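Engineer: Chains as they are written, first to last, in the UniProt record's numbering: chain A, 1 to 365; chain V, 1 to 365.
No wet-lab data here; the hints were simulated from the structure. Treat the hints with care, since some could be wrong.
Note that the list lumps identical chains together, so a pair holds whenever it fits in one copy or between two copies.
To be verified - Derived DSS-like pairs: lysine-lysine, alpha-carbon spacing no greater than 25 Å straight-line:
(1) 37 to 319
(2) 319 to 94
(3) 347 to 32
(4) 319 to 67
(5) 94 to 78
(6) 60 to 362
(7) 209 to 67
(8) 342 to 94
(9) 37 to 301
(10) 94 to 347
(11) 51 to 78
(12) 37 to 347
(13) 301 to 52
(14) 342 to 296
(15) 78 to 301
(16) 342 to 52
(17) 347 to 67
Please read these numbers as outputs of a predicted model, since none were measured by experiment.
Protein chains: 2
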Amino acid sequence: MIKELTVDLGARSYPIYIGEGILENIDSYFEKHGISKRSALLIVTDEHVAKKHLEPVIRKLERAGFKTASHIVASGEKSKSLAVLEEVITSCLKAGLDRNSSVIALGGGVVGDLAGFAAASYMRGIRFIQIPTTILAHDSSVGGKVAVNHPLAKNIIGAFHQPEMVLYDTATLRTLPDRDVRAGLSEMIKHGLIWDAEFTSWCEDNAEKLIGLDPEALQYGLYKGCSVKAAVVSQDERENDLRAILNLGHTIGHALEAVAGYNELLHGEAISIGMVGAAKLSVRLGNPEHIYTTTKRIFKKFGLPVAVPAHMDTDEIMKAMMYDKKFKEGKMVFIVPTDIGKVEINKNVSAEWVRDIVDQLKQED
Amino acid sequence: MIKELTVDLGARSYPIYIGEGILENIDSYFEKHGISKRSALLIVTDEHVAKKHLEPVIRKLERAGFKTASHIVASGEKSKSLAVLEEVITSCLKAGLDRNSSVIALGGGVVGDLAGFAAASYMRGIRFIQIPTTILAHDSSVGGKVAVNHPLAKNIIGAFHQPEMVLYDTATLRTLPDRDVRAGLSEMIKHGLIWDAEFTSWCEDNAEKLIGLDPEALQYGLYKGCSVKAAVVSQDERENDLRAILNLGHTIGHALEAVAGYNELLHGEAISIGMVGAAKLSVRLGNPEHIYTTTKRIFKKFGLPVAVPAHMDTDEIMKAMMYDKKFKEGKMVFIVPTDIGKVEINKNVSAEWVRDIVDQLKQED
Numbered sequence: 001m002i003k004e005l006t007v008d009l010g011a012r013s014y015p016i017y018i019g020e021g022i023l024e025n026i027d028s029y030f031e032k033h034g035i036s037k038r039s040a041l042l043i044v045t046d047e048h049v050a051k052k053h054l055e056p057v058i059r060k061l062e063r064a065g066f067k068t069a070s071h072i073v074a075s076g077e078k079s080k081s082l083a084v085l086e087e088v089i090t091s092c093l094k095a096g097l098d099r100n101s102s103v104i105a106l107g108g109g110v111v112g113d114l115a116g117f118a119a120a121s122y123m124r125g126i127r128f129i130q131i132p133t134t135i136l137a138h139d140s141s142v143g144g145k146v147a148v149n150h151p152l153a154k155n156i157i158g159a160f161h162q163p164e165m166v167l168y169d170t171a172t173l174r175t176l177p178d179r180d181v182r183a184g185l186s187e188m189i190k191h192g193l194i195w196d197a198e199f200t201s202w203c204e205d206n207a208e209k210l211i212g213l214d215p216e217a218l219q220y221g222l223y224k225g226c227s228v229k230a231a232v233v234s235q236d237e238r239e240n241d242l243r244a245i246l247n248l249g250h251t252i253g254h255a256l257e258a259v260a261g262y263n264e265l266l267h268g269e270a271i272s273i274g275m276v277g278a279a280k281l282s283v284r285l286g287n288p289e290h291i292y293t294t295t296k297r298i299f300k301k302f303g304l305p306v307a308v309p310a311h312m313d314t315d316e317i318m319k320a321m322m323y324d325k326k327f328k329e330g331k332m333v334f335i336v337p338t339d340i341g342k343v344e345i346n347k348n349v350s351a352e353w354v355r356d357i358v359d360q361l362k363q364e365d
Numbered sequence: 001m002i003k004e005l006t007v008d009l010g011a012r013s014y015p016i017y018i019g020e021g022i023l024e025n026i027d028s029y030f031e032k033h034g035i036s037k038r039s040a041l042l043i044v045t046d047e048h049v050a051k052k053h054l055e056p057v058i059r060k061l062e063r064a065g066f067k068t069a070s071h072i073v074a075s076g077e078k079s080k081s082l083a084v085l086e087e088v089i090t091s092c093l094k095a096g097l098d099r100n101s102s103v104i105a106l107g108g109g110v111v112g113d114l115a116g117f118a119a120a121s122y123m124r125g126i127r128f129i130q131i132p133t134t135i136l137a138h139d140s141s142v143g144g145k146v147a148v149n150h151p152l153a154k155n156i157i158g159a160f161h162q163p164e165m166v167l168y169d170t171a172t173l174r175t176l177p178d179r180d181v182r183a184g185l186s187e188m189i190k191h192g193l194i195w196d197a198e199f200t201s202w203c204e205d206n207a208e209k210l211i212g213l214d215p216e217a218l219q220y221g222l223y224k225g226c227s228v229k230a231a232v233v234s235q236d237e238r239e240n241d242l243r244a245i246l247n248l249g250h251t252i253g254h255a256l257e258a259v260a261g262y263n264e265l266l267h268g269e270a271i272s273i274g275m276v277g278a279a280k281l282s283v284r285l286g287n288p289e290h291i292y293t294t295t296k297r298i299f300k301k302f303g304l305p306v307a308v309p310a311h312m313d314t315d316e317i318m319k320a321m322m323y324d325k326k327f328k329e330g331k332m333v334f335i336v337p338t339d340i341g342k343v344e345i346n347k348n349v350s351a352e353w354v355r356d357i358v359d360q361l362k363q364e365d
């Protein structure tokens, strides 16, 4: 059974379909949602995903009468650059994409962010369809935040550009490496931590099933994770306030990724450490100790890192944070848990305290 | 007397101020419109404009307590690239721009388009202020279309991002080279041709005053030109239909610019030829001959070119047009005058006819 939910954004509302075998019927989803057969489509994907899923997707779509072209980028964060964006736009032009065309992101968060920004900026905005093929992407594929990186800061060049739909075929997750599975589940746990204590417990109780890619557990977890994301985005599309809570663990996490050169730590691993840091900060701000112990226990249960790698320089981490965008008029904005399933946006966190936390995070075990 | 008009776009409405000496009081305009003194501003400008206007603008703003940084790009269309965009974003980061910051475009259309797209994409969108310093920019600074070029197509990577305000100080126009003045007036005449026969006549009658930069004529002409632009944009912000009429002369014009390598022809010159071409097409479609004769007479009176340079290859021009974005599902959309002051959006123009017109345009004199 395919589960369906809606991201409610008025005229920009769109559906998320989650379940097994969706890509086998991709043409019917496209037809149902009025994707043009006269205007060319561009499928953007990466080398790894292309090997597994590109051919069958193209075949299905072409047989149904859609005109497709594809653009394959190197796997990994390095493809989220303006240089690669220009190459994607070259493909849009060469394939003759027009204003009724769609760009399709077939892949994980990198592909989604890159293809999404291409769709947002090509001809000042054309349609965009998300086909996430990682667990992590259950987060990034919903909500319309698209971007590429700048050498000095992640996701700093981008747009808000909502997809027409999200097609989440859980069959594509089966071949993910174990490390990617665990890292992807980090965002799922985050959705529990910010919004839903019961779902957080469910995640902890079902850790083994989730890591083992049990289809039913996975579909339910992704459905719940996407539901939290959809609820938050519906209330605050352009991150004027509430949406910031989705950044739990990301202030420290992004800085760790930047210092690690986008290589040593996967995004989900970096924010796992970041969420433990946020929980430590929470306790320091006077909230109950169990927030920290529970948070840490859950991430450890998923085999995710909870400590800042000892060789990383705290100064460098703090400098990377200064370039990140979670600052407003010089003050540091930090998402702080106030309980399991509940967070606040604290706009007055001193950089000194954060520095202390980062230092302490090197001692976690 | 400063003239003021409003671009009416609901929550995104903004004022345009036109008149002599506005930059001498730039700080008061910024204060009036609530530009933050705590968040850094980035002034983007080009080498030529920087020499004349950057220092006094910075001095005024700094004295009033604004925090400014500046980024100077090379003059000319080549700065409208993703590579230069990345450099502008570097300056945003180094100057510490945050979500309450503004990017200020001090210059002509190139600077406005580039700085505007930087503002649209930095942190997924921050505030943006237009300070046009050319006549041509009375068109580009109003309406929120911002973009950079791709090697294969102009303005193909961009966004709709409305400015907070447009500050049009006619004093900055006094040092413009004569060729730029005439080319800039081409867009003013276009606003008459698409919307207002009376204003078209006024332009023709006041050609010498306008070319001679008579302050009163210039202020009136810019005010009327901006008014037409504002009226069109208010009715169709994202170019779903009506806004396309602003592209009169641009389908051929952009192709000529592309083939000329963005060098031989100024934008205003290219669209002058393009508007004569559109008038010829109009007559071929059965409209009265006077549309062509009047259009051509006016542009000649302004000393603007009306013929496609003979050495340009028609095939290349047509190919450049194929990459341009005025196509929809394979059919060619063309803005065709149906009278002076009136145009229609014709979606069924055959490429063959356009090719004939381009060929014939080589014989104009």
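Engineer: All hints, please: hold or fail.
Structural biologist: Hint check results:
1. 37 to 319: Close across copies (24 Å), not inside one copy (49 Å); limit 25 Å.
2. 319 to 94: For residue 319 and residue 94, only the inter-copy Cα distance (12 Å) is at most 25 Å; the intra-copy one is 41 Å.
3. 347 to 32: neither (44 Å within a copy, 27 Å between copies)
4. 319 to 67: between (47 Å within a copy, 21 Å between copies)
5. 94 to 78: both (23 Å within a copy, 22 Å between copies)
6. 60 to 362: neither (50 Å within a copy, 48 Å between copies)
7. 209 to 67: neither (40 Å within a copy, 54 Å between copies)
8. 342 to 94: neither (48 Å within a copy, 35 Å between copies)
9. 37 to 301: The answer is neither: 47 Å in one copy and 48 Å across copies each exceed 25 Å.
10. 94 to 347: between (47 Å within a copy, 22 Å between copies)
11. 51 to 78: Answer is within; shortest intra-copy Cα gap is 19 Å, inter-copy 38 Å.
12. 37 to 347: between (48 Å within a copy, 19 Å between copies)
13. 301 to 52: Neither, since 30 Å and 64 Å both go past 25 Å.
14. 342 to 296: within (16 Å within a copy, 69 Å between copies)
15. 78 to 301: Neither: 30 Å inside a chain and 54 Å across chains, both beyond 25 Å.
16. 342 to 52: neither (39 Å within a copy, 55 Å between copies)
17. 347 to 67: Answer is between; shortest inter-copy Cα gap is 22 Å, intra-copy 49 Å.
Comparing the model with each numbered hint stated earlier shows that hints 3, 6, 7, 8, 9, 13, 15 and 16 do not hold.
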